[in-house]
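Residues per chain, in single letters:
2 protein chains.
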Amino acid sequence: MRYDDTSGSESSMTESASKDPLVLFMPSGKRGRFPVGTPVLEAARKLGVYVESVCGGRATCGRCQVEVQEGNFAKHKIVSSNDHISARGAKEERYDRVRGLPEGRRLSCSAEILGDLVIDVPQDTVINAQVVRKAASDRVIERNAAVQLCYVEVDEPDMHKPLGDLDRLKVMLEKDWGWKDLLIAPHLIPQVQGILRKGNWGVTAAIHRDMDSSRPFIVGLWPDLKNEMYGIACDIGSTTIAMHLVSLLSGRIVGSTGTSNPQIRFGEDLMSRVSYVMMNPDGREAMTIAVREAINGLIGKVCEENGVDRTDILDMVFVANPIMHHLFLGIDPTELGQAPFALAVSGALQYWAHEIDINVNRGARVYLLPCIAGHVGADAAGATLSEGPYRQDKMMLLVDVGTNAEIILGNRSRVVAASSPTGPAFEGAEISSGQRAAPGAIERVRIDPVTLEPKFRVIGVEKWSDEEGFEEEAAAVGVTGICGSAIIEVVAEMYLSGIISEDGVVDGAMAQKSPRIIPNGRTFSYLLRGDGEQRITVTQNDVRAIQLAKAALYAGIKLLMEKQGVDRVDTIRFAGAFGSFIDPKYAMVLGLIPDCDLNEVKAVGNAAGTGALMALLNRTHRREIEGMVKKIEKIETALEPHFQQLFIDAMALPNKVDPFPELARIVALPEKKVASNDGGEDGGRRRRRPR
Amino acid sequence: MRYDDTSGSESSMTESASKDPLVLFMPSGKRGRFPVGTPVLEAARKLGVYVESVCGGRATCGRCQVEVQEGNFAKHKIVSSNDHISARGAKEERYDRVRGLPEGRRLSCSAEILGDLVIDVPQDTVINAQVVRKAASDRVIERNAAVQLCYVEVDEPDMHKPLGDLDRLKVMLEKDWGWKDLLIAPHLIPQVQGILRKGNWGVTAAIHRDMDSSRPFIVGLWPDLKNEMYGIACDIGSTTIAMHLVSLLSGRIVGSTGTSNPQIRFGEDLMSRVSYVMMNPDGREAMTIAVREAINGLIGKVCEENGVDRTDILDMVFVANPIMHHLFLGIDPTELGQAPFALAVSGALQYWAHEIDINVNRGARVYLLPCIAGHVGADAAGATLSEGPYRQDKMMLLVDVGTNAEIILGNRSRVVAASSPTGPAFEGAEISSGQRAAPGAIERVRIDPVTLEPKFRVIGVEKWSDEEGFEEEAAAVGVTGICGSAIIEVVAEMYLSGIISEDGVVDGAMAQKSPRIIPNGRTFSYLLRGDGEQRITVTQNDVRAIQLAKAALYAGIKLLMEKQGVDRVDTIRFAGAFGSFIDPKYAMVLGLIPDCDLNEVKAVGNAAGTGALMALLNRTHRREIEGMVKKIEKIETALEPHFQQLFIDAMALPNKVDPFPELARIVALPEKKVASNDGGEDGGRRRRRPR
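Heads up: the protein sequence lines correspond to chains V and P, in order. To convert, note that position 141 of the first sequence is 133 in the working numbering; the numbers rise steadily by one, no gaps. To convert, note that position 355 of the second sequence is 347 in the working numbering; the numbers rise steadily by one, no gaps.
Chain V on its own, in the form it takes in the complex (with noise of 0.2 Å):
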């Protein structure tokens, strides 16, 4: 809600209703009326405005800072909001001094409501959208995150009156900040007493407030004011480990970084990486070791970069796929392997850090989101919660494409997910010029439909092919390969220009037309770039594993579609690197995707991650997620005797049976391919299905 929607309706409250003054909070709008004197920090926290504190209104932690903007909600008059609030008083003085509090700026845990004020909590203290999602947003994210900072004075030790420190640090803590039946990390008892001694009895505890254990937990101690402490969100990926590391006090993003899974070496994909555990003793414990070292070295590497102590990382949250979930844990993957595909866990799980190795601070905690199914893990959890399907009316599909496609499609009432077994091609692999995106690897491709004649762009060249000057830059990084979002825009402009038939064969008749058609064996392949040795073509097999491809995940977004009773839906999501590099407009040629308004198709980039990070800020989130994969129902594509004709169905170009009105209204389908789509020639085409 904006100051100008709301500021005309409260105006008029002011004359109808009580007199206390009227204090509005920006950006998110809250309002309510308090007695003159009331500080601002205690208004904040009455109406539910996320301002942080950590040293408990003594006005030397400078976290609680907010902009008084205008004083003045009474139309008619102009007040200065020198007169709504308290004058600096003593402490702010003093914090100015030593800290320095910039113009504008009060501690709104000593400033007092005077009279009616609009207030702007900085946004270094709400979650700018901008840290959730690159793409603009206006979502909030209030923040709730599992650890606290609070400051406290600790009783000296009386000999009328033995309790320990420890024991005394509690009453403080229950006293001053309301902490009940407090535990305590068990590395932090010993120190205790000298951590007291050090602050001169004022000491700043880490308290956890979400452990799985129920109470809440003194998970670190520091002499005198500790004023910032960090969290890490990461997203444990077959290829890529991606990691934010967090401010829990301001929620600011200070760093992301990412490096390729160690685990590789094991193995390219997920089967390989279980194979390797199967047949090698010693091979679980190796890549658990490697993908902890790894992440440890990720670490180091964000907190260097930034400038931050790994000790100040007081929490943790992980998402992963089923078996990078369970070798990061030091489970056996192996069941997950075969069927039934049994998880060895399901539920979110929570550690102390060391017990999994992860060198942080020693008291930190780590906590995994649940997994979904066993081809549905922690990370389509953690796109849903980034998504929320769960949380709005429309029929939303969330599809994070990789070796299996995670597939969830629902909407307020009611959520479906499955996982289906798209294969490595949508990745370029077992394609015969695919390769990962990388500098060199051909990322857009366009034919013309008249000549025949590619164009493209190549990942690190800034010109299109066709461009003046192409080729020089083009040398530099040379042109190695296709990677998986051009493979899709080439087999659909190969469609669309009439280079292969609605089910997927390459035209050797075209050749006589264009020489870009070329023999290869018993079939034809289509030159994309000829030049010398490094010929980049697209055969017929290449064909075949992207429809082989597309079938699978069409075939499982349709079988949801159907649990659901739908014919099309409201918005689609594609999460993860491959979505982020689509276009919309192709997935839709090939049928990939239902049809859809294609305003409404939206690539969300690491959604995963994102959820991660907002089960990291907000520990609502955590009880969110873990109610909703309760409530999810699972579909397991294997089990479902009608999924095999989904995916026959859905090996045609865009598909056999669905129509696609979207498609028809942004893109000329070759005419005869579209008229073969009806009348009877279904038989025949499957006959002619991929062998």
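These aren't lab readings, by the way, just hints derived from the structure by calculation. Misleading hints may appear alongside valid ones.
The list treats identical chains as one, so a pair stands whether inside a single copy or across any two.
Heads up, simulated DSSO-like pairs for lysine-lysine below, C-alpha to C-alpha not over 27 Å straight-line [to be verified]:
1. Lys153 <-> Lys623
2. Lys172 <-> Lys218
3. Lys594 <-> Lys386
4. Lys218 <-> Lys83
5. Lys38 <-> Lys218
6. Lys577 <-> Lys594
7. Lys622 <-> Lys172
Go by the hints and put chain P onto chain V.
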């Protein structure tokens, strides 16, 4: 309650009340009516009669065996008990074939009630009083261990319901055993899937239901039926570490052992160990390692001696004085060596055993009783739990004498506690011929009041020193010194025979009467044994040391009696090794203890260890002592201005101001000395107090 007492009243109930059969459980005496066909185990559960069961009613563990002793409440009819209980069914017959079921024994999960029954729960399933105390006692401790073994048969994985193995295990533990919100020890997470498959989906889980963090934990998991587990109760004394190994299923003490505390090499007494820590940077760590190694060694010893695998130890309870407690936990004890004697932690604590380097089952927990005050530790809490002054109306004095004496005084309405610095004299230290209680030490002394000749007994020698053949026997072990109990006796006997005055001066005039009184510089000594080089004397300084120690103890007791407003106590319990050997009569002659019926003065051995055992076998005792320790009023003698006067008043024998009616009944005090206790010589006597 005995069967004889109840049968009459119950048989009248039979006539008047419900026709359901009446079942009486022995030895608890609990009874109730149950419909025909109710399994005996279910009846026991409903009455709160403790009958163990691991297999969950599958008749495989055999833990629920009972004996059906009688089946007849009717006064005028003799009924065979066989008519009142179901015949052995197929499950019991199978159990009998496989593991043997003695005649008369039944599995209470299978045997059904058909008529009135008297059920004997065999002694190995209730805590026999012998278990708790060597002395006969009718105390029965109900068992309610913190850890329970629960056998379940888990659903196999199902693709339709992709819950993880662990999650399905939890489902079944809730369904069969009622465990909600179970957590699991992290080290088990990677093991669950293998154990489930090894047990063909039948597994036994150890559930810890007394975690400080509130939620129950799976702490152990085994394939198939696991039918035994153990616990350790341990008292870490400054001098000796004592340990019981207990079956947590039967409550039976499997073995007991002890060893000297290896920290002795860093310092004989507590304060010298604190000094060692202060003087040596690695001192604290060295002593922590030493005591943990000793405990691990003891566990190994007691397990090996009794054929127990140490990994079958699932729970442990420790008591210790504050300095041992801190050193065991790796906490610097320096603060305990100086005012204000601040404990680093006073409340009860829990750890995973491995967190403090104790090598038992990885899922074993350690519980430490709370400390009462800086000088009144978890050992005193254990003794308080064992003797339970707060459980009775009588005013109980509980004393544990060591370098410090811990003194607890109270009853149901109020308990006060203090520590008094007795010094090491009672343990034979700072005594010219003092030594530890060991072969060769004089342990009993009598002095003929006429001839002043002594007779004594030596540890390791059967005969008294005036008996025929004593010297031959004594030659084998030597007569090397006086141990603590004999110090008390010899000083008391010297007083009773007039060798020392009521103010403790060895009367030099007596030298004319007996050659046993010999000059020693400016004072005189008593020659207890004079053969050759091995002279054993009691010097004036020795008497002074005992006077100081007893004055400290008595002043502490007196202070607490004043707090309670009593002149006399109803009952006295001496805990610890010293108390086990001391003769109450001599304790009273010396004025160590206040006036009390001597029949009510008892030594209770290692009451601290007994308290640990109680907390091990019944977790409700943990709550009991935690609550009690909070209520106990701690008196710091150093802060009581009155204490010094009490101390001075207690220097005399038996003491200066208090009447001892009991003493006058049991022993003839030297007439002159008793007389001099009256009248106006106080000032003079006070001036003659030891320098």
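Results for each hint:
Only between protomers do Lys153 and Lys623 lie at most 27 Å apart by alpha-carbon distance; the minimum there is 12 Å, versus 52 Å within a single protomer. Taking identical chains as interchangeable, the C-alpha atoms of Lys172 and Lys218 lie at most 27 Å apart only when both belong to the same chain, with a minimum of 22 Å there against 38 Å between chains. With identical chains, the CA atoms of Lys594 and Lys386 are at most 27 Å apart within one copy only, with a shortest distance of 14 Å there and 80 Å across copies. Taking the closest pair of Cα atoms, Lys218 and Lys83 come within 27 Å of each other only inside a single copy of the chain (18 Å); across copies the shortest separation is 64 Å, beyond that limit.
For the identical chains of this complex, Lys38 and Lys218 are intra-copy neighbours only, at 25 Å inside a copy versus 54 Å across copies, given an alpha-carbon limit of 27 Å. For the homomeric pair Lys577 and Lys594, the shortest alpha-carbon distance inside one copy (11 Å) is at most 27 Å, but the shortest distance between copies (93 Å) is not. Proximity of Lys622 to Lys172 under the C-alpha cut-off of 27 Å is restricted to the inter-copy arrangement: shortest distance 16 Å between copies versus 30 Å within a copy.
In this structure, every one of the numbered hints holds.
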